[in-house]
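These are the residues of each chain, in order.
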Amino acid sequence: MQHVVIGAGPAGVVAAETLRKTQPEAVVTLIGDEPEAPYSRMAIPYLLVKQIAEQGTYLRKNPEHFRDQKIAIVQGRVASIDCKARQIALDGGNAVAYDKLLVATGSRPVSPPIEGIDLPGVTSCWTLADARRIAATAKPGARVVLMGAGFIGCIILEALAKSGAELTVVEMEGRMVPRMMNDTAGNLIKDWCESRGVKVHTSTQVTSIEKNGAALRVNLNSGSAVEADMVVSATGVKPNIEVVEGSGIKCEHGILVDRMMRTSDENVFAAGDVAQGIDFSTGDNSVQAIQPTAVDHGQLAARNMAGSQGATHRGCVNMNVLDTLGLISSSFGLWMGADGGDSAELLNRERFRYINLQFQDDVLVGATSLGLTQHVGVLRGLIQSKTRLKVWKDRLLEDPTRIMEAYLASTQAVGFNARIIK
Amino acid sequence: MLKALQLEPEKCTGCLQCEMACSYENEGVFNPSKSRIKVFTFHDEGRFAPYTCSQCSEAWCLHACPVEAIVVNEKTGSKDVIEDICVGCKVCTIACPFGTVNYNADSGKVIKCDLCGGEPACAEACPTDAITYVDADHTGLERMRAHAAQTVSKS
Amino acid sequence: MAWQRRILRVNLTDETCVEEPLNMDWAMKYLGQRGLASKYLMEEIDPLVDALSPENKLIMATGPLTGTMASTGGRYSVITKSPLTGAIACSNSGGFIGAEIKQAGWDMIIFEGRAPQPVYLYLENDAAELCSADEIWGKTVWQADEILHTKYQDPLIRIAAVGRAAEQGCLYSAIVNDRHRAAGRSGVGTVMASKQLKAVVVRGTKGVGGVRDPKAFFKATSEGKKVLSDNAVTGEGLPVMGTQVLMNVINEVGAMPTRNMREVQFEGASKISAEAMHEPRESDGEPNLVTNAACFGCTIACGRISTIDPQHYTIQNKPEYIGASGGLEYEAAWALGSDTGIDDLDALTYANFLCNEDGWDPISFGATVAAAMELFELGAITTEHTGGIDMSFGSAEALTKAAELVSAGEGFGIELGMGSKRLCEKYGHPDLSMTVKGQEFPAYDPRGIQGMGLAYATSNRGACHLRGYTVSSEIMGVPVKTDPLSTEGKPELVKAFQDATAAVDSSGLCVFTTFAWTLEDIAPQVAAACEGSWTPESMLAAGERIWNLERQFNLAAGLTRADDTLPKRLLKDAAKTGPAKGMVNRLDEMLPLYYESRGWDVEGVPTAATLSRLDV
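Residue numbers (my numbering), protein chains in the order written: chain A, 89 to 510; chain B, 11 to 165; chain C, 2 to 617.
Since no wrong hints were added, every one of them can be taken at face value.
Below, in silico cross-link-like pairs of lysine-lysine (DSSO-like), each with a Cα-Cα straight-line distance of 30 Å or less:
hint, chain 1, residue 1, chain 2, residue 2
1, A, Lys-149, B, Lys-85
2, B, Lys-122, A, Lys-109
3, A, Lys-227, B, Lys-119
4, B, Lys-122, C, Lys-207
5, C, Lys-152, B, Lys-119
6, B, Lys-21, B, Lys-85
7, B, Lys-13, A, Lys-109
8, A, Lys-481, C, Lys-319
9, B, Lys-122, A, Lys-481
10, B, Lys-119, A, Lys-287
11, A, Lys-158, B, Lys-85
12, C, Lys-140, A, Lys-481
13, B, Lys-85, A, Lys-109
14, B, Lys-13, C, Lys-216
15, B, Lys-13, B, Lys-85
16, C, Lys-207, A, Lys-250
17, B, Lys-122, C, Lys-216
18, C, Lys-216, B, Lys-21
19, C, Lys-152, A, Lys-481
20, B, Lys-119, C, Lys-207
21, C, Lys-272, B, Lys-21
22, A, Lys-474, B, Lys-122
23, B, Lys-85, C, Lys-216
24, A, Lys-138, B, Lys-119
Rather than coming from a laboratory, the hints here were simulated on the basis of the structure.
Build the full structure now, drawing on both the sequences and the hints.
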């Protein structure tokens, strides 16, 4: 059996390892296009603040790990996939044959179509190479403009602010982290950042970037301009689907996969940021581009590549956790609410505490929290297990902070199921 | 035979000796807020529930970790956080559907139960045997595992 | 150093919160909690001040073992001048807030002055903040607790608060923490409310570290826990039955004060006893008792969690009282039940819920209701005074209505809130007040337990069982059995109990441990945790020093030998039934010997030699 995995991010690496575990005799090849050992983009912010060295970002710390696992690592870019012949062509002409193929090529930052976006001093923050460049410039006192206050922007924001740079954030939408946080939470995060010395412009667009001596001038649609030594662009990412162009594999925003992570070709699977997989909450295909989903995808895809029994899933719960200058936020599932559902919400603006729960019937389907660090995972647990909360739903409507009690009572041996609590 | 913590809420009085033992073992101070095991109180029902990681075989936390900072302890089967490697990204805290991995803002790392390497201090400290360290096939543990499995099968 | 070595001083007048170092010289002499805070109070206020004036101070104090793994190491005390007695007040409470204050990095909080507007203190580790209490003033403790928990979105904040009773000036108002634990006696809650301080909200995540010798500490505390679990009282009696285990016992020995202490045995005792709390009731087949519960770090777990019969008249159309909450302790069951002649367990439990909900002392309340019932029987009080309530002995409706009125500070509840001394004086029968120094008696009749008569008469905070619980010796034989009907040796026994208790309180441990522990068990735990040389002898000496300090406060506050006495009823009217039939309390035989054994002169004033020996 010849398994080939394209992409050495979390989805690809976990898939390769799962394949190895499931099929000890199979040949497993992992193809990555960056020169470093497989590493985690999630760790880059911590590298920027020098909390860790580059090795600290590596997905697997043992340098012999992939050799020990008999996973062949190939550095190269895939030029094309021939589904009929079941082989792929690498840049430079080499071909690799497969029985089952996993496409886990991830995503990449999109550059907004702005004049000056290609100027030196404007960078994205995606690869280790980007990180090195940013770390070299973001010194105390350096003026940095961050374009985009989405999830990735906010992760970098933390690192940039810690580096001592004078930071200005420009976000097109009306609040921070608009795809993860509702108005209340997104604006609280903005208030928090501003109270800690970061300038935040929401509902603002960068219209152009121009050279201004050794520095840059960032022009805003509000008419004002910000001087900067560096501009970091974090305006979004898109799946690297070009790799399947011409192969006949169906794509929309990402590569479409079924509940087994299989693409429109039965021998080709997709996982991680490139895959448009089933969303647990909506049942629709969507690109989630988050770490836990990448891992779930990788495992599930590998099991189906290795076996024939057809492991399926009900989809991945979309979720995120973010630390913005010490304010920890998280959101899960249908945090924006469900049609016909109801919700509970509690806000303490002065203390930056917020919790919002979304229900459908007596089942938790989504949640948003600010300042909650303890037992936050039960929000996922309750959503994903579709636990019926019964009387606890009403209690949560009254006081959503009792979520842990509701969880324990509804799922664990302390609860109704142990007949201790009536 | 691996052993596991068996938690029996019926026996718990809510004294928090377990939380103090845990925090002292792990942090060197009596500090329930840093305990890996937590006792939850159901005021209206008059019930107390000790709760911590069941060391589930799915190990959601371990798999979700982007930097391999959570590993299986071969001796006890526990999933241990290697503090030097943990970057504090908190992905494991949202990934664990049982809510038993928590972020410790003081250290900037996550903390979870590691069975104290095989001699759990909480079980030692519990005055009512609400927390015991028993063979892993014991019924109470099965109850917890069954729930874990249920969550997985639905996922 | 199990002390945190830091005090938070909160000036409510100026609305400032200032950190200062703990006076370690004093800590070496007065240990912590009760002793150390009494020292601060003595040094900082004029004992003659009006207890409800801004010049009085209120100290919340932990002990060196508070917040550690020592069993029962969760106690804190509130020290202030009492509005009920005019004497020094020290009210001890368990629950969790004491440990939380310690976990936040503080040994004590000293409140001084009076806030211009109602406030509460929010204390999160080093950050202390006085916040407007607008949204909780006028609310019950339970309502305030819920509002604050919701506001901070943190189930783990610990809250101590006063209820409406304190706001309305009830003189025996308590400070309730963790919903149903309380610094209950002597009106410490009244003082807190007089300072316009509604609540103290604490979150501590710093922890308690720096135990002097961890290895010795774990050894000593583990051994101590084993002694507690092996002991019949602390290992089985208290967790299973609670302090209510005493109800039938004390009734049998003829020391159960009944109907305002006219009698010494209560025919309805078995219906309101621990055993009764375990009995399934007819309506729903559930017993009154749901479970036992522990305070912070306690391996005994004597706390009662109860429910009221959902069919009971008291809670019809009141769903908020359906759930479980703090149940009856012996003293409360006695005061609300035997002393009023009421044997309705659910009515008692309801009144007990209200006492937690609105923060008042069930002992003083029950005894005041008992006095009112006797006044009613005499015709000195009529339904005109009571607003129509038939205050007959044995009337559960009278009790629960009175409880509701005291909680709200309305109608006849305002008069009941004065306490029995002021009530009986007002209605012309001062002798009917069963009090010492203005504080109501607890549940041990001094005619049937002679030593307790002396303990009550000399207690520094007025009638109290927790200042020298010779019941241990006289009834339970701990540490040695003495004859409850004899006065022989009682002066020395009372002194020994008083001194040892002062030391135990000051360590941060619970006095209930002393059913099993002596200072031989406790001193090694203190010694392993703290600097200084803490032996059973040095602890006892500290206890005696503390006792004398409290006495000095009271003398300076204007109390005299004449206040070391008992109501005439106990000295003149003989017990009518039981083993003590025909007996009165023979205080006069004991008091002079007690003064002598304390090294006090005939007026009850510590001699210069005594003060210098003790280095007070």
